[in-house]
Amino acid sequence: MERFLIDYSILIPLLPLIGALVSGWLMTGKRKTGAHWPIWLGVGYAAVHSGMLLQGMISQASQAHGAAIGFVKNVWTWIDTGPFVVQWGYWLDPLSAVMLCVVCGIGLLITIYAAGYMKGEKGYFRFFAYLGLFIFSMATLVMGENLLMLYLGWEGVGLCSYLLIGYYYEKPAAREAAKKAFLVNRIGDVGFALGIMLCFYAFGTISYFGNGVGGSDGLLERAANLGSLTDFQRSALTWIPILLVMGAFGKSAQFPLHVWLPDAMEGPTPVSALIHAATMVTAGVYMIARCGTLFISNEVAMLIIAVIGAITAWIGATVALRQFDLKKVFAYSTVSQLGYMFVAVGVLAPVAGVFHLVTHAFFKALLFLSCGVVMHAMLGHLDMRKMSGLKRVLPKTRWLMLIGCLALAGFPLITSGFYSKDEIVAAAWHRSMILGVLMLVIAFITAYYTFRLYFRVFEGPTITPSEPAEDHAPADQDHAHDSAHAHATVTDDSATHGHGHGHDEHHHNHEPSIMIVPLVLLAIGALLAGFLNFPEHALGHFLGQSSSLSLGFEQAVEHYNPLTTDDAHKISPISFGQAEYRAASVVEAEHYGHYVFMIVSGLVTLAGIGLAYMLHLKNRARGDALPEKFAWASRLLEAKYWLDEFNQNWVVEPLRSLGNAFFMIDRFLVDGVVWLIGFVPQLAGFTLKLTSQRGYLQGYALSMLLCITVILLFVFGIL
Amino acid sequence: MEYLLVLLVILPLLGAIIGAFVSEGAARIWALMVALAQVVCGIALAAGFDYSAAGDLLAPALAASRVFAIPDIGFSFALNVNAVSMWLTLMTIVLSFVAIWFSFGSIKDRQKEFYAWMLVLMGAMIGVFLARDLLLFYIFFELTLIPMYFIIGIWGGPQKRYAAIKFFLFTFSGSMFTLAGVIYLGIFAGSFSYADVFYYCQHVATAPERFLLLVAMLCGFAVKVPLFPVHTWLPLAHTEAPTGGSVILASVLLKLGTYGILAIALPVGIVGLERSTEVVGAFLYWPITMPGFIKFMGILCVIGILYGALVAWVQQDIKKLVAYSSVSHLGFCVLGLMALNASGMQGSVLYMINHGINTGAMFLVIGMIYDRYHTRDIHELSGLAARMPILAFFWIYFTMASIGLPGTNGFVSEFLSILGAFTSDSLGIIYGVFAAIGVLLGAIYMLHMAAKVIWGPLKATVKHAPGHEDDSGHHAVPGDLNGREIAILVPLALAVFLLGWFPQPVMQSMKGPLDALTSTATYANPDIARATPAPTLPNPVQVAQAEQP
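Residue numbers (our numbering), protein chains in the order written: chain A, 1 to 719; chain B, 1 to 549.
Simulated from the structure, these hints should not be mistaken for laboratory data. It cannot be assumed that every hint is accurate.
Stated by the list, open to error - In silico contact screen, one side only, chain B against chain A (beta carbon under 8 Å); selected entries:
| no. | residue |
| --- | --- |
| 1 | 383 |
| 2 | 386 |
| 3 | 412 |
| 4 | 432 |
| 5 | 436 |
| 6 | 437 |
| 7 | 440 |
What the hints assert, rightly or not - So these bits of chain B aren't anywhere near chain A, every CB distance computed over 10 Å:
| no. | residue |
| --- | --- |
| 8 | 14 |
| 9 | 49 |
| 10 | 70 |
| 11 | 379 |
| 12 | 451 |
| 13 | 491 |
Bear in mind the structure is a predicted one, so any value in this text is a computation, not a measurement. By construction, the Cβ of each residue, glycine as well, lies at the ideal position given by its N, Cα and C atoms.
Based on the sequences and whatever the hints tell you, model everything.
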């Protein structure tokens, strides 16, 4: 690989950052219509650089014949207190190259789309500045060569998420959602920061693989070396995964910290696609895959991750059943899919987790951006009860949405979601039958709620909302189609042609190509990304040449010892992207099992789609009657398991009461005691005044002297 | 170099005196010119500085400057500088300059006095950082009280008198104990020079004696910092002071306390004893050892962090909110000091500088809002981003620095302070864990304030402060920041970025001085700087001990 790709890797985060500064500071006022250009250029460069990096990495990997590869580039010493050394440096290996391509590639598509979507907004420049800042942070997160660089990106994406959710800052809901997102993430981040500190305390470094400055080996290598751990390191390793994973639970919206993600849909739709579906929320999965050797030997932590992932997948999928807002449905589905990824890393299948991360990035971005097109065309409405049969109004979007829905549901053979989800289900099954069955049930629910949405919105008789939504385009009135389509109404099949000429001067293309072309590319990805890892496991073997995974596998083999114990089936080399070494019969049995799984999960998906067809297209009345039949379940889901209320009443309010109580204490008790102490010299001064002193200055001087004498005497006397 | 140091201290004091002869209208320009001259001196100091020096830059003989000395009592006007002093001095200069410049817009009456007091304050604060004589330190330390007393008392808010008196009495009564300690040390160490005093403490004095001296020193410094139970003067003083005063108060005056703990309390009372299990005192018959006392200080810091943050969260007055946030932040700072390891102490000194920049900037931004709307009530302000986007940018920027977002200066120092406590022998993991909870609470109250004031629907009615009726002739809607205000905030914003991305040069230069400070070998030679031979008084401690059994 060309060395300059490594040496100048700092440009990947830096150019989007510079683009952000230019957009945010210089492209204001009249120049704001061009505010997307600095970001396009910066992110475009980053995407090209990442692509070249990936290509170089692939050729490097094939030359290495399965051995781990990785490159470090230290740019400057960020912090060095003596024992604690942190480089501002980048670590590039297959894992980070894949992540970078997802982040910058999908990021580029979404910034192009956003130029169409956000056109005419008052805060156009601001939006693009935030996007540039986001790409900077996310690239830093996946490229950082140590945990603190990861943390820098980690909190940086949190800031961008805060700013972008609160983009429509005049809406109180957006403001509250932004605050909630930041603070819920901060809860996790506190644990994450403590985890970093414990890593340093126990292992003396926080660089993943050694930064070439201090010790030759890094944190992950030291932790992987199970034989030579000290007792303190051993006990630290029981806590480090739990602390680190707290951060992952926050960032990747896992139960109970998932509550911020559905609210985050207050942000503009491209943001929901980029940050809250494709990239940022997957940071937790990346972190666990990257730091695998800190986690793998800790069975309790891995169990916690898998179980929390399963709970999250369940909560997300079930709550999505009773949501009516298109974006909310997909938000809960994101929560649910992230749960799948956590199950994957929890059951020691990091390749499956990252594979699902990649495919999910494609199809979920596609779904959200399609939602954006719908929202644009439907005057800001997203309520699926107010629209139907949009396939005639938005013919292109309909196909794009269908592809996305098929991929999310995991439609057999032709969608990427099928292959990646299937790997997770299979891995979960191998670990525990209950987990595997649960994953299948959730896959069924997923297929059902996805196609409930699709059939309701795009099929059936055509209904479109006639009034613009209340909060549509609140910032600015020159949002082109506010007035233009205020008269849109219930139309029949010929609607798109029918209402043509009368108001052609107002006619606004619902599907501008600047928004559709990125969607087509994403749709191609959503269909084909599955073949990255099927049938040849190409992605897996490539990822397996990252030290994180190969070391993780060695550690797993050492810890679980699959050749001798009954746990043998738990560790599959394929799950870590490693070459097979087990007996051919074992492997064959596994493959056979895998094909059975594919058939089963394909059938489950088809069943879910079929049920949705019955209830939401063929006979909608039956579907509408369903919630009344299961009133209690429906209430539970509509209330989202009452988690928000619980948090408000049992976490926020008590803390705030504590603050108020402390303030009372501060005003009356602490101040009162101090006042009482202050009363003593006053008393002394009063008696002094009575006895000898009448003058003011002398009085103070004398009492001062007296005090000092008393203090000095006290000092001497006590000794 | 030695003349530069003298100039740094004397120039503002002289400027204040000369300012008395300048006309009322020109007073502010004069003060700004003096501050600008100080900036030039500061640049000269930084340019001629030896960043690799392990300790004080000047030889002790040069430091015991010939400006003024009273050999009979062992006092001399000794100034010297090491990296820690230099960075803090630079911070003082920049923030004083900024505070003076900011006051152009907000101080309308008795300008001459105001700017004179600001200059006196500036000189005294720099004096504290540069002094190498305990008595000189104490004089400067106390000298800061007088200008601040008048600044709060004359140009303050509605409760200004009460606030000024409370501020004065609190800090003064604390430093009475410090004065006792200073006099004690001056007598027994033979002179007030740091070298003699620290030599005496570390190589002559007994452990219980050192402990009592430590307590005496901490009485003064803890109030100034302020540590948890003695912090109640701070919210009131901050809130009532005019913006320029609040900036100085939060940014620099509080650092006099932390600097005192670092540069005086530590070598006097702790260095050399931090691992000793000797019982140094008793409290209600509970034996006190030095490690136990350090833990006690750590607990006070952690309580201050959590308590200050929670109280800040429920404030209605945004200035008071930031004031309570200082209680929380300074808890981190002292916690880092008490960690007594490299990470903690470097983080702590960096914290002093960063807190000065961030909180100073927050007070400035709040002052800019107050100058326009004459209210600081969190319920009366909302959605200012719509009307003042530039202000909103700076607000969010400094908010992020204040809550320690990585990439800003706040992160480096906060992380290192907590890491120091976490990995410390003297404190421990549990202190780090509780301090980290303070990081979460810090985000809660700062974002609560940002959500109320900056985001949300626009709501801000222009009120008119009493005494400013002449302004109310026209009800123009206040605009965004003007050029002067932006120029004030930009250097601070740059510092936030630079210290967030490239803190290493600053930290590297501090390593030597901090190592020297925490080593008993530094002051091993009694004759290092002695101007006069030590008086041969009988050591009362030994006498008292001899009598005791």
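Consistency of the hints with the structure:
{"no.": "1", "hint": "383", "in the structure": "holds, 6 Å"}
{"no.": "2", "hint": "386", "in the structure": "holds, 6 Å"}
{"no.": "3", "hint": "412", "in the structure": "holds, 6 Å"}
{"no.": "4", "hint": "432", "in the structure": "holds, 6 Å"}
{"no.": "5", "hint": "436", "in the structure": "holds, 5 Å"}
{"no.": "6", "hint": "437", "in the structure": "holds, 6 Å"}
{"no.": "7", "hint": "440", "in the structure": "holds, 5 Å"}
{"no.": "8", "hint": "14", "in the structure": "holds, 27 Å"}
{"no.": "9", "hint": "49", "in the structure": "holds, 20 Å"}
{"no.": "10", "hint": "70", "in the structure": "holds, 19 Å"}
{"no.": "11", "hint": "379", "in the structure": "holds, 14 Å"}
{"no.": "12", "hint": "451", "in the structure": "violated, 5 Å"}
{"no.": "13", "hint": "491", "in the structure": "holds, 16 Å"}
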